[in-house]
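Asks: Fit chain B with the ligands to the known structure of chain A by using the hints.
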Amino acid sequence: MSIKLENVTYQYSPDTAYAITALDHVNLELRDGEFIGIIGHTGSGKSTLVQHLNGLLKATEGVIYYNGQNIYDKDYDLKDLRTQVGMVFQYPEHQLFETTVFEDVKFGPKNQGLDDKEATLRAYEALEKVHFPTDYFDQSPFDLSGGQKRRAAIAGVLAMKPAVLILDEPTAGLDPKGRDEILDMIAEMHKKSGNTVILVSHSMEDVANYVDRIIVMNDARVAFDGAPKEVFRHYKELETMGLAAPEVTYIMQELQAAGFPVSVDATTIQEAKEEILKVFR
Amino acid sequence: MLRDITLGQYYPTDSHVHEMDPRTKLFGTLIYIIALFLFNNVLGWLVVTGFLILAIHTCKVPLSYMVKGLKAIVMLLLIAAAFNLFLTSGTPIFTIGPLSISDVGLRNAGLMTIRMIYLIVGTSIMTLTTTPNQLTDGLERSLHFLNRVHIPVHEIAMMMSIALRFIPILIEETDKIMKAQMARGADFESGGIIKRAKAMVPLLVPLFVSAFRRANDLALAMEARCYHGGEGRTKMKPLQYHGVDRVGYLVIFIFLVLVIASRIVYPMLMGLIGV
Ligand SMILES: Nc1ncnc2c1ncn2[C@@H]1O[C@H](COP(=O)(O)OP(=O)(O)OP(=O)(O)O)[C@@H](O)[C@H]1O
Ligand SMILES: [Mg+2]
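Line order of the protein sequences matches chains A and B. Residue 63 in my numbering sits at position 63 of the first sequence, and the numbers go up by one each step. Residue 1028 in my numbering sits at position 28 of the second sequence, and the numbers go up by one each step.
What the hints contain is simulated information worked out from the structure, not anything from laboratory work. Glycine is no exception: its CB is placed at the ideal position from the N, C-alpha and C atoms. Where hints are given, some of them may not hold.
[What the hints assert, rightly or not] EDC-like, lysine to aspartate or glutamate: derived pairs with alpha carbons at most 16 Å apart:
#  : chain 1 : residue 1 : chain 2 : residue 2
1  : A       : Lys4      : A       : Glu34
2  : A       : Lys4      : A       : Asp32
3  : A       : Lys191    : A       : Asp212
4  : B       : Lys1068   : A       : Asp15
5  : A       : Lys79     : B       : Glu1189
6  : A       : Lys192    : A       : Glu34
7  : A       : Lys58     : A       : Glu6
8  : A       : Lys110    : B       : Asp1187
9  : B       : Lys1179   : A       : Asp80
10 : A       : Lys149    : A       : Asp135
11 : A       : Lys191    : A       : Asp32
12 : A       : Lys58     : B       : Asp1175
13 : A       : Lys58     : A       : Asp77
14 : A       : Lys273    : A       : Glu254
15 : A       : Lys79     : B       : Asp1187
16 : A       : Lys149    : A       : Glu103
17 : B       : Lys1198   : B       : Asp1187
18 : B       : Lys1198   : A       : Glu98
19 : B       : Lys1235   : B       : Asp1175
20 : A       : Lys161    : A       : Asp212
21 : A       : Lys58     : A       : Asp24
[What the hints assert, rightly or not] Quick list of the computed label-pair ranges, beta carbon to beta carbon:
#  : chain 1 : residue 1 : chain 2 : residue 2 : range
22 : B       : Pro1267   : A       : Ser13     : 48 to 56 Å
23 : B       : Ala1261   : A       : Ser13     : 42 to 50 Å
24 : B       : Ser1015   : A       : Asp212    : 52 to 60 Å
[As the list claims (entries may be wrong)] Incomplete in silico selection of chain A near chain B, CB under 10 Å:
#  : residue
25 : Leu96
26 : Lys110
27 : Asn111
28 : Gly113
Okay, chain B solo, but in the shape it has when bound:
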């Protein structure tokens, strides 16, 4: 149960998207998000949908994994859609009692729902195909330029990857200690707030002790291997662009051009038809 959150959401399989450099994927996700807010007509929607389907298809992750994230925001989506539907002014096209739905409202609600769903599904492709470590690596390289303004990018990335690495370990540890104390008759589930808070002591004390022990060991191990921060540090597996990345960037670029074009072409088309 606890464990399911831990591995992030990485879904291990063999696909071109998995093979890609994390920087390519970060860039692609960024462009995708921008495009989501750029498109404003059917043509743009088709382009974005096409790109999303292409990504879903190439990454070989079952669709159910991407849709999982949607469950959490269903309520939010419904409420936001309802507000957009009923509270936007415009030409009413549908009226029930005091509530009326305008054409603008309908359009806004539709656009917003599509944008939210696409946002969740699209960004989850990124996290499903990239391990947390690759992600921090990619961020570190992409944000390298911030070093010039004296932001310690490497150190922040290192802290991030250590923290990420420790989450599953600590969760496992929590699970173990919880079981051990339950075997001694501890009860974490019943009782009022005060009783429950007290019941946490046998869990938290050993957990902190072990966290500090691990932190200590890690610091020692890093020092023993002469870790001294990012200055002049090389990587065992330096990030490198490959063929897939070139194709990736090309697809992303074409996608961006198409989305922008859709904004220009659509009104012209409409003008031609004379609407």
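This is chain A alone, in the form it adopts within the complex:
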């Protein structure tokens, strides 16, 4: 299950005075089972990029292959692709519409053609996965708190059991606790299912702790692509893109500059702790 992008370029409102190139010749390969973070400054093209992966936007130029098949082929089933590549949008709570949370989560599975019993089962499973409080299953989705709405909306996508899960800024507008809960839940799901997960964010700190690969977008292009520690080595360049490496990177860099024999590759607080303790042993 791999997704491959070849020279993908996308323009909003092409041929008008307002034309904006949001993707500029992007080449990427997203392999099966990876946990990928896509990071970039506001307006760098992250959302545009991920909307190509399930065919919601059609590249102005370039090709995308899903499992080796060109998704722009005339007889390619885009609807099927969308059920395999699940997408949770930025502020997904704005898409809720049903009378109860449970019914809303069932919307996706029903569109997949599952019968009511199967859809109910899927909805139940998905709501459990996002740790949605059982008492609220039959509430109107409009009466929930922001964090609860977010969970319900994520469950709506999970219930379709996508092979690839894309989350566009799933933590935007949540408090630190809500943010950690959602990210932990996503990481846990990735570990259990082994599916490809793509997490879009503009916070390095968020992503560094969870993903195995970081793709940095800058000005419609891919600026860096690699394991977190490789990407964070470019922390000076990241700053010029309006991004920052995690705090830990800065501490380790400064410690090294001050003459301590620490490795600057630590990206999480845990790793940094081990490194620093090593020096004093």
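Replies: Showing chain B with the ligands alone in chain A's frame:
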């Protein structure tokens, strides 16, 4: 796709026409439209064409943008021209079978086609060079006198600009929600009427919810800033005439005089030549 309609048609660039006060442009457009129906001979046509070319040239908007509007009325134009051509009585100058074209018909068809094309192109210069907000501002000031007969001009203008401001926002929102539901397997394109109407529910419910939320927020924000209607309200950027506007009014005035003169001079000229 949806977005293209939204920005109105404003074409941002730097030109004397863009700089002009919206009132000048409104007035100019009004005079231009009147002139279109006033001219009735070659001389008048030359004057109107000259004015149009001058406007097109000074506004620096590519011609293709103005002609875009014509596409929509091509059919209408053709049908209207055909009716004028074939159904006007007069001296026949050309006959094919039962159809005959008279001199009056030819003239009417020509005049009408020119008028329609010029109308679309000319008025689109106005919308291409003026933002919707400037336009409502200009209308509000120009129609200020209606306040005396108790028409709430300011309130109407405010509603207009809010509505205009909300169109792109709502369209963007529609686009977003549509995509989000499509990602959940919703299908807006296939099926019969009933199926399609049903498919709209997941789109319309969130859209209304968000529209009401936005309206609520806006009302609150306006109230928090002590908005209380037009009475005694001042503007941050009051409309003010500048040098270009003086030149603008002068050109418009000369144009109007020339068009009227063409109606008088032309028959005299013809008389002189003895036709
Ligand atoms: N519907 C649209 N129409 C026109 N331009 C758009 C549209 N959506 C995005 N853009 C433009 O495309 C560029 C990339 O936008 P995109 O939404 O992909 O950025 P992003 O990286 O997701 O930003 P953020 O972190 O704010 O979500 C921006 O310059 C934006 O202004
Ligand atoms: Mg985005």
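Asks: Measuring from beta carbon to beta carbon, are B:Ala1261 and A:Ser13 in 42 to 50 Å?
Replies: holds (45 Å)
Asks: Hint check: is the beta carbon of A:Leu96 less than 10 Å from a beta carbon of chain B?
Replies: Where the cut-off is 10 Å and the nearest Cβ of chain B is about 7 Å from A:Leu96, the hint holds.
Asks: Against chain B, is A:Lys110 within 10 Å by beta-carbon distance?
Replies: Constraint on A:Lys110 satisfied, holds at 8 Å.
Asks: Does B:Asp1175 lie within 16 Å of A:Lys58 when you go C-alpha to C-alpha?
Replies: holds (14 Å)
Asks: Hinted pair, alpha-carbon criterion (16 Å max): A:Lys192, A:Glu34. Please report holds or violated.
Replies: holds (13 Å)
Asks: Between A:Lys58 and A:Asp77, is the straight-line Cα distance small enough, at 16 Å or below?
Replies: holds (14 Å)
Asks: Are the Cα positions of A:Lys149 and A:Glu103 separated by 16 Å at most?
Replies: Roughly 14 Å separates the two Cα atoms, so the pair holds.
Asks: B:Lys1198 and B:Asp1187: Cα distance at most 16 Å?
Replies: With Cα atoms ~10 Å apart, B:Lys1198 and B:Asp1187 stay inside 16 Å; holds.
Asks: Within 16 Å, alpha carbon to alpha carbon, are A:Lys79 and B:Glu1189?
Replies: holds (11 Å)
Asks: What's the verdict on A:Lys4 and A:Asp32, does the C-alpha distance respect the 16 Å limit or exceed it?
Replies: holds (11 Å)
Asks: Next pair to validate is A:Lys79 with B:Asp1187; report whether the Cα-Cα distance is within 16 Å.
Replies: holds (8 Å)
Asks: For B:Lys1179 and A:Asp80, compute the direct alpha-carbon distance and say whether it is at most 16 Å.
Replies: holds (15 Å)
In this structure, the hints that do not hold are numbers 19, 20, in rising order.
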